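S.K.: Taking the hints into account, I'd like the entire structure generated from these sequences.
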Amino acid sequence: MLFEKIKRAFDKNRKHFRDDGKLKRMYPLFEALEAFFFTPENVTKEVPHVRDSIDLKRFMSFVVVALLPTFLFGIYNAGYQSNLMSGFSLDFWSAFSKGLIIVLPLVFVSYSVGFFWEILFASIRKHKISEGFLVTGLLFPMTLPPTMPLWQAALGISFGVVIGKEIFGGTGRNILNPALTGRAFLFFAYPAKMTGDSVWTVVGRLKDQSVDIVSGATPLAVSALAGTHEKIELLLAQKGYSFLRLFTGIYPGSIGETSAMLCIVGAVFLMVAGIASYRIIFGGILGVLSTGYLLNMVAGDSSAAWLSLNPFYHLVMGGFAFGISFMATDPVSAPGMENVKWVYGFAIGVLTVLIRVFNPAYSEGVMMAILFMNLFAPLLDYVEIKLRLKKRIPNVQQF
Amino acid sequence: MILLNIKKGFDLNIEGTPLPELAELNKPAFVASLPAIIPFIKPKLLVKQGDMVRIGSKLFIDKRNPDIKFLSPGSGKIEKINYGSRRAVNEIIIKLDNNEEYVEFDVNKFSGNKKYSRDDIIKSMMDGGIWPFIRELPFRDIAVPDFMPKALIVSIDNKEPFQPDPQVYLKEEINLFKTGISILKNLAENVYVLTSKDFINIGMADNLVTHKFSGRYPADDPGVLLHHIRKDSYENRAWYINGQDVLLLGSFFSTGRYPVKRIVALAGSLAKKRMHFKTRIGVPINNIIEGRIADENKARLIAGGIFRGYTASRESFLGFYETSVAFIPEGGKSETFGFLRAGYDRPSYSKTFLSYFNRLPLTTDCSLHGEERACVNCGACAKVCPVDILPQFAFKSIAAADIEESLSHGMLDCVECGLCSYVCTSKIDLCGFFKNAKQAYYKDRA
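If you read the sequences in order, they're chains A and B.
Just so we're aligned: the first sequence equals residues 1 to 399 in this note's numbering.
Just so we're aligned: the second sequence equals residues 1001 to 1446 in this note's numbering.
Fair warning: there could be bad hints in the mix.
[To be verified] Derived lysine to aspartate or glutamate pairs resembling DMTMM-like cross-links, with alpha carbons at most 25 Å apart:
{"hint": "1", "chain 1": "B", "residue 1": "K1443", "chain 2": "A", "residue 2": "E46"}
{"hint": "2", "chain 1": "B", "residue 1": "K1396", "chain 2": "A", "residue 2": "D20"}
{"hint": "3", "chain 1": "A", "residue 1": "K390", "chain 2": "A", "residue 2": "E338"}
{"hint": "4", "chain 1": "A", "residue 1": "K7", "chain 2": "A", "residue 2": "E41"}
What the hints contain is simulated information worked out from the structure, not anything from laboratory work.
Please read all numbers here as calculations on a predicted model, not as lab measurements.
M.R.: Encoded structure:
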């Protein structure tokens, strides 16, 4: 049996990583690898004698599983857009395999560079490697444009892991979402590779020059260009971005963000499993819709086209669906108290729309909105805890 | 009667619940008293090896209050006194005579239905060795007699898995129970009797039960009741006694003899006979389990419940407060890709296993099912905490030794049910934080 062989290999090599072994500094790596294949044999030492079957590995793998539909679609879409632009065959397998060529190197770089830092910090601090990076390592490449140079991706994930997480003490102690921190770093450090119309599609060598070159502008970029008297919905429709298409996700954009439909699938899965907070997700949707309608009400004839956009377009365009489902619900960087999760989600929704509408420098608002609210999460928690503890009958026992 | 609906808590869907059947155990050759596992006390031995004792002879007292006495659960010769580290008295083993003798206590003045002097009752209870059954919240130490609490809570049910069924231990003893309650009424302003709402009243006067709860473990706990009914902080210092111990109290005041009768549940998925046994305080554990459990080495013997009890050895004896013995698998078997299993048979509070749809009792072992990680603020602990503590935040203030903050979080309200540790995704022993902090705070008071 294969697994018995693996087990024996672990047992045989354990001594090299233990106390006096040559590789003892690498013990966290050894330990993490072994724990990945085989559940550890530890038992409870005292009360409670029994423990729940869930552990952080399962918790995090659920997020990875929830990401898979979006991820696979992202691969297909990246390949599809590339083949469309380059004039290659658009059938499923050629698009998907092209997508694999585009996306897998990014994922590989993200995981390998990120794990390098994780292992380094775990070895120095002599603690175990946390499973949190399983999610970060997959989330990060999904937020990138498909044309992202690999070295920049490596730099981004390094920044996300080291500055976004490890300097605060590692998984569980970070204030910001590490994947978004990495993306924000790239966004400001290499704007040429993160914005504009040309970065969203990998263009191959054109086979047939007679094919019309379709514009690579994302729906958000198209919308941002709308004049005061234009209607964004019509403009989008002219470019072929119908609401249904925006919902399903066959359009250029960051690898994981385009399909609102599959983000919903992942989000529902996580909410049903009790891992993502429905309060944050519904709060975010409410925030977008209410801000959108409010702007619709104040919009006049001469105001910017953004103001009169149907708010539902905000939900399906750009990264909002992806961000609110998988980034905002990260339990570490979100508030822990149940009621302020509504506030947190709602504020993310509001800020996303406001940044999109009023700040033309950033066509995408969700990343900034989530990072901004990450900073406020401890304050939100603090307020709710104080209010709650005030209602508690004190139990102090003076002696 | 007040019905309380307690929403938080968790009922473990666990295999091995004892049947409501009762059998009598053979008389053991030895019984023992176990001072070391009684929380907080500082025992001072009054006997030595070779002494002859009767049922009710003084074995040791609590140095903190020499009036609190612990009496011999058997009549015969002190066979051996086992010491642990730093000369802690672990076991006082008594070899039983065939015909056991009793120390007779004078309880005649408490006959009839008049109001007795509180001091007289307390003195009798102390002399009769039954005072230690009355304990005081929030620290769960033996009650301090010169304090008059607002409430004395009698909890009949025990929702912790594998505990004796109150229908079984009350069945023929209902009069003793009533006697016990009438005595207790002299000790506190109010006596609250708490049962589950499913409790079938067996010949108990209707007005005896004052509170009923609907809810999951540990809704039966006196601390949980107190958390839900208290109006003022002075009520925090309440007393409580277990339902079965009220029978001992009743028996003492009816007979004038130190009561030693116990009904003990044997349970757990590795117990072959899962039922109740009529036996006595300090019974050898082997006497309960011999021939009644599976022949399994990788297994754990737990006295007193899987959430609050302690690991016992077969050669040991059952403690003063414990009324259950559970035998469950030790677990700790390594599994290939364990974290990816669908888990139809994996008990879990979370909704990440298919066992969510499984109503059958599941085998539960002592595996940690993972390794300790940093808290990721998943919030499961706050969802189960029966006294509305926020363990995920409070444990950090305890770890930072911020005692004011910890107290304002309700650290002392913790009923030590162990559920926060049970559900923790990161395998942090949250309950241990609270328990240790409470004990440290209590010991610091002097």
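S.K.: If you test the structure against every hint from before, which numbers come out violated?
M.R.: 2
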